[in-house]
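Student: Residue-level listing of the chains:
2 protein chains.
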Amino acid sequence: MNVSAPATVGSHLFRRLREAGVDVTFGVPGDFVLPLYAAQERFGMRTVVCTHEPGAAFAADAYARLRGLGAALATYGAGALNMVNAVAMAYAEHTPLLVVSGAPDTGCRGPDVYLHHRVKSFESQVRIFREVTVAAEVIASAEDAAAKIDAVVAAVKARRRPGYLEVPRDLVGAPLPRSIAQSVSTSAEAAADPGALQEAVDEVAARLAAAKRPALYAGIGVRRYGLTQAAVRLAEAWGLPVATSVMGKASFPESHPQFVGVYMGALGDPGARAVLEDSDCVLALGVIQSDVNTGFWTANLDEDRRIDFGEQSVRVRHHRFDGLPINAIVEALAARSPVRTRTFAAPKPELPPAPAGNAPLTTQQIIGGLRRLDQSAYHFVADVGDAWFVGLELRADIFLAPGYYATMGYAVPGALGAALADGSRRPFVLVGDGAFQMTGVELATLVDAKLSPIVLLLNNASYMMLEALDEPHSYYHRRPWDYLAIAKAVGVPGERAATGAAFAGALSRAVASKGPYFIEAIIDSSDRSPVMTRLREHLKAGRTPAALAAK
Amino acid sequence: MNVSAPATVGSHLFRRLREAGVDVTFGVPGDFVLPLYAAQERFGMRTVVCTHEPGAAFAADAYARLRGLGAALATYGAGALNMVNAVAMAYAEHTPLLVVSGAPDTGCRGPDVYLHHRVKSFESQVRIFREVTVAAEVIASAEDAAAKIDAVVAAVKARRRPGYLEVPRDLVGAPLPRSIAQSVSTSAEAAADPGALQEAVDEVAARLAAAKRPALYAGIGVRRYGLTQAAVRLAEAWGLPVATSVMGKASFPESHPQFVGVYMGALGDPGARAVLEDSDCVLALGVIQSDVNTGFWTANLDEDRRIDFGEQSVRVRHHRFDGLPINAIVEALAARSPVRTRTFAAPKPELPPAPAGNAPLTTQQIIGGLRRLDQSAYHFVADVGDAWFVGLELRADIFLAPGYYATMGYAVPGALGAALADGSRRPFVLVGDGAFQMTGVELATLVDAKLSPIVLLLNNASYMMLEALDEPHSYYHRRPWDYLAIAKAVGVPGERAATGAAFAGALSRAVASKGPYFIEAIIDSSDRSPVMTRLREHLKAGRTPAALAAK
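Protein chains in written order, with the working numbering: chain W, 1 to 551; chain P, 1 to 551.
Each hint can be trusted.
Copies of the same chain look alike in the list, so a pair counts if it fits in one copy or across any two.
Listed below are the simulated DMTMM-like cross-link pairs for lysine to aspartate or glutamate, each with C-alpha atoms no more than 20 Å apart in a straight line:
#, residue 1, residue 2
1, LYS514, ASP422
2, LYS540, ASP170
3, LYS120, ASP105
4, LYS540, ASP105
5, LYS348, ASP374
6, LYS450, ASP23
In short, the hints are calculated from the structure, not lab data. All figures in this text were calculated on a predicted structure; none of them were measured in a lab.
Bound-form chain W, shown alone:
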């Protein structure tokens, strides 16, 4: 791109994205967004065309989780409104995802103009996106464009939540006023109150020193605010055992000797549960007290023993420090020398048996096989269902899943975004048959992008998670498709495995392959992961989520 060309609304947008580390957008072209497609091509931004808008937004979400910002491009109406669910997930899970929607020309937005893709009024769409974003703006002229673009991008980055920009077709190429074009994007990270910071660090350090069994509980905030290394320093300096929440899985490196497991109340790792529930001082970093994170309210970590580091505040017992961005306080605490040094080494976890033999394949054998992989070689991306709970058994560095919002269909498109955000690892997809039916053909886009995912489809011919939580019903049955044929039809070779031995062989061939590889693992619909088994037992004992939430 000729850098001396006058800045336009479009080039300003893509320049801001580039400055924020975005070098690819995900989307589906459609007429109202075509000028943005042409503009990004001129700008040198990589264009990834997905099969369907839900997949494009999921891919951009995964990219955002690893890069700190991700962008989805959509046409007006039929495009953007097909992303609402994915953007809602990004809101719930604190993902800095920007949706850029094309829109009708500024002169065509009167109340009596019936353009295709229009719903109630030309404002319906932005009003919908206001419900699922922290900032949503419609560019109305070249004069307001730069300020709105900068404000939305800054809000998304600072608040780690989605934003929305709507760009009318005729404004993409409109030149910016010269003074605005030269402006520099400013950081929107809030600064900490120095007095509050000092006082809070002093108090937390004193409580850590006084505690008998302090522990660290890392949540999604650690990943979103780039605090993984700070958390490692903090844990090492003070000798703290570390568990993560479900959403925060892999926000702390799980190969670290102080890592004890994923805490999910009575449903998650028993070792992690023992450490946290027995602790007298739990530093909860960026943990959201959601139903899933608390193991459907089976968690037993009362507030007196917990110090909660939220996005902008720290709570200790009955008082709260406000105006403390989580990154400032965690970095400051990690930099503070410990008053009292300890060491901690987690017990070496026992591995499930390796898959072998000619008996029907089991979920435990699958976990045994996955745990023996080099966990540092992959972005693990898990879909909702037992695939997700199998994923919780991994010891991963990167683990992406819709762990709170729990939408299905995330994993295959998520792998696309993860691989393009960080090419140093290979994507490893864990997906059930129900979720694969939703967005599995997005595999084609990974092939188009020359990526080499390993895709493990857990085919139990059912919405097994729902059936496990309920009684049997015919509507939980999923007729098994020839999933392997579908993978091959879009360009991904692979094999089917119905025994332990076959699965072991398939996994080794997948690892050895240079290109994409698909494994369809056939498991019985009554076979379940450890987490699913505990969840089911819990519910059968009458401890329903509603009853627990109401307690």
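Using the hints provided, position chain P relative to the given structure of chain W.
Tutor: Frame of chain W, contents of chain P only:
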């Protein structure tokens, strides 16, 4: 179902749906909606589980177009928010589609409760649906349930636009107060003002009698308000030539000798254009003056020569009769004896040549093959792209397409809904490769439901419609998948056709087959339908949609 069992919120809902002619719902189960699934199973309502929520809502939309009401069931958040695009289409295209969303228990909706699938607040979802529906309610108690259900169902039926009901999980089985349970649903059709009706019928009849070349222009309102037979009587009594709008295609039987074609300004049928643009009195029944219907503003039908029958009013020259529901005025007009009798017979349309020979298959040959089918045997369902424009060349009785909102991915799930709404015809799907990539695997659900669609995939390896409207770009290319293998993987046999002779053979085998049949037609990405050719020429001449809209 035991009819003497006390009515509950759930049974009342399904009773109202049944009374309105709905005997199946489309959806994807998820935990917040499970009590509704169980309730509908007890009630004896048929449950169709789709692969993905966008497909479920499209299927329910097609069902609604034929039955006068359709219902989609969704779980909270991840389910319902995945239907926003389809509901927006239903709003834009006047479809009576009801979305019923499960929701968290009434006791779990506090501001500090972080349940999965939740976004900003528990009200975010209903606020989003208010933007795309005419009525949206959250059931808050057993006491308000019947009134809210009745009001939303009545509004959807009366206004032919979508509605939304949100039912908390714990209320589905709650018994209704006895007095409410006995209430009877009342019709919500508005009555006409008799004086206005008389005066308007008199004036329209006089204008018809005085006109030299009167004509009928049937829009989507004719289909939505069940006025097809009235339109036939009206046309026959007065000897009127009849064209339809694009959205209104097949709202008038296209095998009728007075039918002249689909009017789309300079882009549509030349015969229909000549008749309407040359007429001195066009009765426009339920026509929406959208960009697509007007052939991107190339229509030349000025208001002085048009009498516009809207949903609730009639406009003649500079005056308007309000309070006249379209069904009342059209029925009254059709019942009025003509003052002056004419006859009209449309020229017999020339058929494109039948497909034959070993040269590469062309779009014209495909049209030639389709036109020779018994048009009365099928529900034709077309997706957006050139598949839609090919569909415009048919002479169909039933033709479903997202002809205004223009969302992609409608046709395969739409065929599911159409076939279950009216089993007397076989679904015939026209779909492009881009659209098939979005929702094509929903074919599996047609197989599950024991339906026998014929699916014609026009594979031109591109988003050809976009490319036709623009310059060539790499992002319009769609890598061809092995679509036939995908069809077979979900249980649909078929074949691929790349020549005229192969297509003729495939079509005859499809027609003869008793089960579902898939034809992948290979066409060159530079080959186009007549409408697409005219549209492209139009745009190349600088008559862009924006320029035309602004004129």
